[in-house]
Each structure stands twice: as C-alpha cells, then as structure tokens.
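Q: Start from the sequences, fold in the hints, and give me the full structure.
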Amino acid sequence: MRRFLTALTSLNLVITSFSLSFGQGEIKGTIYSQGEFHPLEVSLVKFQTKNKWPAEESLAVQITEVIQKDLTFSMFFKFSEENLFSFADAADLNPLDQDIWLRTEAQFLIAGKVEIQSALLKTEVYLYDAFARKKNFSQSYRTPQSAWRKLAHEISNDLLQNLTGEKGIFTTKIAYIRETPSGKELYLCDYDGFNPQQITFDKSIDLSPNWSAYGKKLIYTSYKSGNPDLWELQLESGKAKKLANFRGLNTAARYNPKGNLIALTLSIDRDPEIYLINSGGENPRRLTYSLGIESSPSWSPNGKQIAFTSDRTGSPQIYVMDSDGSNVHRLTYGLSYCDSPAWSPHGDKIALVSRERGGFQIYTVDITGENLNRLTDQGSNENPSWSPDGYHLAFASSRTGKFEIYTMNWDGSNQSKITSGGGNFSPAWSPRF
Amino acid sequence: MLRLRFPLFLVIAVALFMGGCKKGTKLEPAVEKPPTEQKPTEQPKAEPPKTVEEPTVSKKEVSFQMIHFDFDKYNLRPDAIDGLNQNARVLMENPETKIRIEGHCDERGTVEYNLALGEKRASAAKDYLVKLGVSASRIETISYGKERPIDFGHSEEAWAKNRRDEFKVISQ
Numbered sequence: 001m002r003r004f005l006t007a008l009t010s011l012n013l014v015i016t017s018f019s020l021s022f023g024q025g026e027i028k029g030t031i032y033s034q035g036e037f038h039p040l041e042v043s044l045v046k047f048q049t050k051n052k053w054p055a056e057e058s059l060a061v062q063i064t065e066v067i068q069k070d071l072t073f074s075m076f077f078k079f080s081e082e083n084l085f086s087f088a089d090a091a092d093l094n095p096l097d098q099d100i101w102l103r104t105e106a107q108f109l110i111a112g113k114v115e116i117q118s119a120l121l122k123t124e125v126y127l128y129d130a131f132a133r134k135k136n137f138s139q140s141y142r143t144p145q146s147a148w149r150k151l152a153h154e155i156s157n158d159l160l161q162n163l164t165g166e167k168g169i170f171t172t173k174i175a176y177i178r179e180t181p182s183g184k185e186l187y188l189c190d191y192d193g194f195n196p197q198q199i200t201f202d203k204s205i206d207l208s209p210n211w212s213a214y215g216k217k218l219i220y221t222s223y224k225s226g227n228p229d230l231w232e233l234q235l236e237s238g239k240a241k242k243l244a245n246f247r248g249l250n251t252a253a254r255y256n257p258k259g260n261l262i263a264l265t266l267s268i269d270r271d272p273e274i275y276l277i278n279s280g281g282e283n284p285r286r287l288t289y290s291l292g293i294e295s296s297p298s299w300s301p302n303g304k305q306i307a308f309t310s311d312r313t314g315s316p317q318i319y320v321m322d323s324d325g326s327n328v329h330r331l332t333y334g335l336s337y338c339d340s341p342a343w344s345p346h347g348d349k350i351a352l353v354s355r356e357r358g359g360f361q362i363y364t365v366d367i368t369g370e371n372l373n374r375l376t377d378q379g380s381n382e383n384p385s386w387s388p389d390g391y392h393l394a395f396a397s398s399r400t401g402k403f404e405i406y407t408m409n410w411d412g413s414n415q416s417k418i419t420s421g422g423g424n425f426s427p428a429w430s431p432r433f
Numbered sequence: 001m002l003r004l005r006f007p008l009f010l011v012i013a014v015a016l017f018m019g020g021c022k023k024g025t026k027l028e029p030a031v032e033k034p035p036t037e038q039k040p041t042e043q044p045k046a047e048p049p050k051t052v053e054e055p056t057v058s059k060k061e062v063s064f065q066m067i068h069f070d071f072d073k074y075n076l077r078p079d080a081i082d083g084l085n086q087n088a089r090v091l092m093e094n095p096e097t098k099i100r101i102e103g104h105c106d107e108r109g110t111v112e113y114n115l116a117l118g119e120k121r122a123s124a125a126k127d128y129l130v131k132l133g134v135s136a137s138r139i140e141t142i143s144y145g146k147e148r149p150i151d152f153g154h155s156e157e158a159w160a161k162n163r164r165d166e167f168k169v170i171s172q
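The listed protein sequences correspond, in order, to chains A and B. Residues 1 to 433 (my numbering) are what the first sequence spells out, left to right. Residues 1 to 172 (my numbering) are what the second sequence spells out, left to right.
Some hints could be false.
EDC-like cross-link-like pairs, simulated, lysine to aspartate or glutamate; straight-line CA separation at most 20 Å [said to hold, decoys possible]:
no., chain 1, residue 1, chain 2, residue 2
1, B, K73, A, D271
2, A, K78, A, D158
3, A, K402, B, D70
Keep in mind that the hints were calculated from the coordinates and are not lab data.
A: Following this line, the structure appears as structure tokens:
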C-alpha cells in the first residue's frame, strides 16, 4: 500500500474519476487524487426478510456476506464497522429518524429485503445517501433460489455502478488449467474461486486459455491431436473445434480486443515468431523477424499495439510493436529475464514476470518503461491476467508449495488464494458477459 | 542340374515355336513359368495378402541417444554433437527409418516460452542431422515445452535431465 501511495504522490494527478450522486444532480469526485486514496464509506446492513422464515434468514445472511466481500474486493469502499442497527423496514427509512442517520459515519447505507416465493427469491435492495438522508436507488430482483450467489454478485455490480459509475466485475469468471490424473484440462470458476468446473475432457495436455471479446469462446493450445494445435471451445454448447494446426507450434494465442484477429506464436518459418491469423484460424501474417524466440503476445486495449517476449538480445525481455509488426522497441531494462506481458485494460501499464532467485515475481511497468513496480515476493508467481476493469490481477503462485490461482489488487495488495488442491495455473480473467 | 536345364528348355521351345510360325499366324507368347525358389523340402504356396507390420525379413531394433542442453539454451554442446553423430550413423545404416525429435525443457521458464524453447531444441538437432546428409523428410519435430519431464524433481540434477531432445522412431 505504501509503495502505491508513493508512486501516486510522485505522479500527482487524477487517475480515476467517478460520478457520485448526492440527492439531485451529480458531483464528479475522485477516488485517487493528489496522491491520496479516498474510498467511499458505506454501511451495509444485513438484509431483512419478509417472513422471517429460517430459509429466508439464511439466504439473507449469505447474500449480505457475498455483497460485502464483493464491495470490499473492489477497493472503492470502506465499510463502517456497524453493529448493525435495526430498523422497522429497510424499504422506508425515515429521513427524520435522527437515530439512524447520526449513528452511522458512512456516506451511504445499503439495505435490503429477501422473500421466498416458492422456488423463486424476490430480493429488494435500497441505497440511501446518509448525508442527504434520501433513498438514491432501489432495485428489485426475481431469481431462482438456487442462483442466490449469482444474484448477490449482480446486486454488487449494480451498487458499484450506481455509486461510482464503474461497471462491476463480480459476475466475471476465471478460466485456468488444472492438472488432473488424466491430463491438463480447462477449468472455469467464479472470480472469487467459487463453483469450479471442468470444461474440457481431452485427456491430453491443454494450455494457455484465452477469452474471446464477449466471453462466448475460449481458445487454447491442445496436444489432443498429437501436435500443439489451436482449439476453440464454444462455452454454451461445450463443442470444441480445431482452429489452427500449422506445422509446429500454435501457441500463446490471444484475441485482439475487437475479436476479429488472433495473435499467436507459430513456427512455420522454422523459428518461433509472432503471427496474426483471423478468428477463423486462417490467413497467417508474420509480424516478427528475429532469430530466436518470439512469444506471448498481449494486445493493447485499443488493439493498435502488441507487447511480446523476445530473446533477441540473449535473454527474454518485453518488447512492444505496432499491430502490423512495425516500430518494435524494447520495454524492459534493468531486469535480467522478463516474460508474460499482460497489457492493462486501462492502457497505461503492462504486468510482467521477472525471473529472480527462487522463481518468478510479478511487476507492473508503465508503457513508457518507467515506474517498474514489484507486486509479489513469496514463492514463484506467474501468468498475470488483468480483470476487465483493470483494477485486479489473477496469477498462479507456488507460495503454499503447490500452484494455486490468486487474485490481487493492481498495486499488489490483498493477495488471496481462490483455488485449492494444487496443480492450478495459467489463469485468464473473462470479460464482462 | 535341373535348374540349368529348365530355362534352356524354354529358350529352345520358344525358338522352335517362333521358327514354326507362318506369316499371318497370331503369335502367342509361350506360357512361362516363373523360376521357383529352390527349397529342398517345400513347394511354394500361394498365400493370401496380409497386412505386414513388420517385414518378414527381421530388422535389428534401432535406438537413438538423447541429447542434452544447457539452461535456457538451444545451441548444441559438444556432447550433443557426439550424440547426434551417433544418431546420424544409425539413420544412415537404416535408410527406411523415420524419426520424430521431441524438444523438452526444465520447469523453470514459463509454459509458453518453454514451448518455443523446446521447438528450437528440436530444430537445432534436425538441422544438424540434415547437414550431415540425412534427408529432412525423414525427420519430424515437436516441442513439449516443460510438459513432459522425465524427472519430476526440483534439483539441478533433475533439471539437467529434462533439458533434452528425445528421438522416437515413427516408422522403419
């Protein structure tokens, strides 16, 4: 946290701005400004229930907990340590009731009510401005009871959007590779690690998953046909098809932001180089011309540039080129071995790994090459993958002795493990669906 | 003695037959019997065609040496050159043999970088064999990156074993 603040102080500019609503009209405030971080203070009250049935009470508690975890994860909020006060009806807090408004230091108060209606759940959420003592926002949801976790994530998305203007990532997923007894397969889990599920059954070696622009497909390299070929998996149908099987490598494939092109490593001209193919797997165009290894392309969010790894100077370093292969320049200096570039969705930074004694550590660097910032220091940490809002990273770490997937904030804070069992690696954070 | 006389008899028979042809007679070739392999005890039998996986004449099993690489490198060390020279000899002695060179890495690089490094290691070996005169069409290459170690340890010794090319026979 300290490192992050120091970096900000030296930058001394507004990095992000959000619109906050106070009663009528909108005032644009800033979360980061003048080197200081101003999270919004909110109070989240345990959701009430319509009928006070045990099943409702249990769901109310669980939904509230997931919302609290989501909003804490987002970095934008500070939760007041309320010992939750009770009120008669969350739907209608009396603006004249001093007791409620004076008891909280929060700027905003979130409350809700849950009602079981046979197999469905009716949930109402209320957002109050504690300063203006007004209801800002209310929303009603009707969902299957069994989908309560997804509901809670959707509520979090809506609250975040209303409070900050940012679209939440709480319904996003992480694709990753898991070692199973019969091979390396593709898995999916919620962004927080819940609901892990196996999605390929190839009984081979599957590697390097990457999401299409709208999250409908995953491309990955698989040896199931006897060669490292590029495959495409349609998530809804579960159907996979071979997308590219050029002679040699078809690896490290990444869709461009628009989703019409794929950058990947091929070795059809003998050396591993970066090529472009179209989303149908055809029309290879070579981008790099250098003896040695070129791999691991990463697109800038505007699709105009590609960062990649090249060992043309003798050890792997990160380079950047235009997406037609021109204007190649080196990004990383001062580290002896760099790999796995991942361009932030904000466009201003690239995450990468540096090999140091004992393993890899994750760094971010500005696209100018300045402000190299180390984020990890335990175990070996690989494969950084940005959340679609650019505020978080997923990565694989061996710090417990086995490889697991972790998430962390963009400044390296709040590193938390989201898988278990070991043999989990190569995370790819989905887009918002 | 029979061996010599039989074809001679044919020649004489054909010569006499040819000599006896008049103009306008359609010339029909004499029925020829193929020379038989002289086996003391058995007659040759007609056998139905079968899918032969191994040729009926037995071939000696060919085997190749693994070669090893330095950390992060795909250049051929002197000991690798020796191994490749030996492998080239085996290939020359067995001109029907086709091989696949598998390139492997130790666990310390990233998954993707190692896929490329394994490819370079396999190509380096292939290029050298081709330079020695082995036909390129007899050699396939594939990289397994760090995905197929032969030693799952995390020591220098294990890593050195894993940085290798393996030579697999795909047909003889």
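Q: If a hint holds in the structure, say so; if it doesn't, say that too.
A: Outcome of the hint check:
1. At most 20 Å may separate the alpha-carbon atoms for a hinted pair to count; K73/B and D271/A meet this at roughly 14 Å.
2. Restraint check for K78/A and D158/A: the C-alpha separation of about 17 Å stays at or below 20 Å, so the hint holds.
3. Using a Cα cut-off of 20 Å, the hinted pair K402/A and D70/B is violated, with the two alpha carbons roughly 26 Å apart.
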